[in-house]
Amino acid sequence: MYTQGLDVQSPEPPAPLDEGLLEKRFLKRVDAEEKIEPKDWMPERYRNTLIRQISQHAHSEIVGMLPEGNWITRAPTLLRKSILIAKVQDEGGHGAYLYSAAETLGVSRDHLVEQLLSGTAKYSSIFNYPTPTWADIGAIGWLVDGAAIMNQIPLCRCSYGPYARAMVRICREESFHQRQGYDLMLQLSRGHPSQKRMAQEALDRWWWPALMMFGPPDTESTHSGDSQRWKIKRFSNDELRQKFVDFTVPQARFLGLTLPDPLLRWNEAAGRHDFGPIDWGEFNRVLKGNGPCNAERLAARRTAHADGAWVREAAMAYADKQRARNAKIAA
Amino acid sequence: MEDKHQWPLYEVFIRSRGGLDHKHAGSLHAADAPMALEHARDLYTRRQEGVSIWVVRSTDITASDPADADSLFEPARDKVYRHPTFYDIPDEVKTL
Chain D
1 MYTQGLDVQS PEPPAPLDEG LLEKRFLKRV DAEEKIEPKD WMPERYRNTL
51 IRQISQHAHS EIVGMLPEGN WITRAPTLLR KSILIAKVQD EGGHGAYLYS
101 AAETLGVSRD HLVEQLLSGT AKYSSIFNYP TPTWADIGAI GWLVDGAAIM
151 NQIPLCRCSY GPYARAMVRI CREESFHQRQ GYDLMLQLSR GHPSQKRMAQ
201 EALDRWWWPA LMMFGPPDTE STHSGDSQRW KIKRFSNDEL RQKFVDFTVP
251 QARFLGLTLP DPLLRWNEAA GRHDFGPIDW GEFNRVLKGN GPCNAERLAA
301 RRTAHADGAW VREAAMAYAD KQRARNAKIA A
Chain V
1 MEDKHQWPLY EVFIRSRGGL DHKHAGSLHA ADAPMALEHA RDLYTRRQEG
51 VSIWVVRSTD ITASDPADAD SLFEPARDKV YRHPTFYDIP DEVKTL
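Note that the protein sequences, when read in sequence, are chains D and V.
When we follow our numbering, the leftmost residue of the first sequence carries the number 1, and every step to the right adds one.
When we follow our numbering, the leftmost residue of the second sequence carries the number 1, and every step to the right adds one.
Keep in mind that the hints are not guaranteed to be accurate.
Claimed, not checked - Some but not every residue of chain V turned toward chain D, in silico, with C-beta under 8 Å: (1) G19; (2) D21; (3) H22; (4) S27; (5) H29; (6) D32; (7) M35; (8) L43; (9) R46; (10) G50.
Think of the hints as simulated: they come from the structure by calculation, not from any bench.
Note that the coordinates shown come from a computational prediction; the quantities given were computed from them, not determined experimentally.
Backbone N, C-alpha and C fix where the C-beta goes; we use that ideal spot for every residue, glycine too.
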């Protein structure tokens, strides 16, 4: 991803240009749909917005492994277990692609991980909900990954090259996540009445949190203006949320399940579904750290990081020793 | 919580099929080159995306500076005679 680590041969920095002029040039390139690359000039606000967004996205992938990893040992069949392991492995991979993309902006991996573990960085609030039944794994794939795809597809055209390229790779893999989730829900909803009930209850748990994944309503979204101007964000939160509802309603109908919203109905005149009000109080509570699993998720990440420290150190010590030994042989 | 020193960064290049070039796929951290290869296998070829992998320390790559792009690449801009389409060959002349 053409990282900051590359050695650029320029002994003297070029003569400083006027910031205003540079920003004007930058915006012209963005308007022309050119990609901005790591070594290109960019406004500091653009850089910081990207670092915040990409690292939050990476943290979400990593924390997102936890609610599903919880079911790997209890998956009902060997095939479902293999699928779930593959999916969780993908999430880890997506986190790694995204951390790399963030690092191209001049921030270190250690620093980003430290921000997650200390609780100063945010991650998607959806992963602070529990997965009490097997059907929750289906609902997550279908709804949570479905909402994520809706958010992520426009990011493949984002103005920042490394982020856009990481998103292309992620979107290609994410479709499997959504389909295996729907497949799981389909199997349950065609099974024993108790299995269908389990699927319905999982849908009831995940529907509203999934709608919250698109972020606060457009009237209250603080970062949207600049992000749209810089072509990081292409559609507003409410536009994407509406699209998600319109896509999901017929999918739920096919399953024979009911979306838990008595106000949900087709609006013929507007050509879209109307839906009930979202509980933004709940969204803010979870975001501020008071969701059902916030403490548990962070504790699990801290433990994993601390337990792995000796492995990282030992690998580095071994590599250093090998390097020293090879240097001696060469000398 | 910061590690004693961070694993260095490697760039990963993958040959997707026999006969094609290795292409830049992304980057990753690893303690040494053999580990970088293993990580690249897990990270970038989970779906048979490659038949061969190269890894190289990011700091061992020398890159051109985007600020020099004009002076580096501008000289090629006015040399249209380097392209076959520059030459008007009469229709009667075949296989040229």
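Q. What hints, given by number in increasing order, does this structure fail?
A. 1, 2, 3, 10
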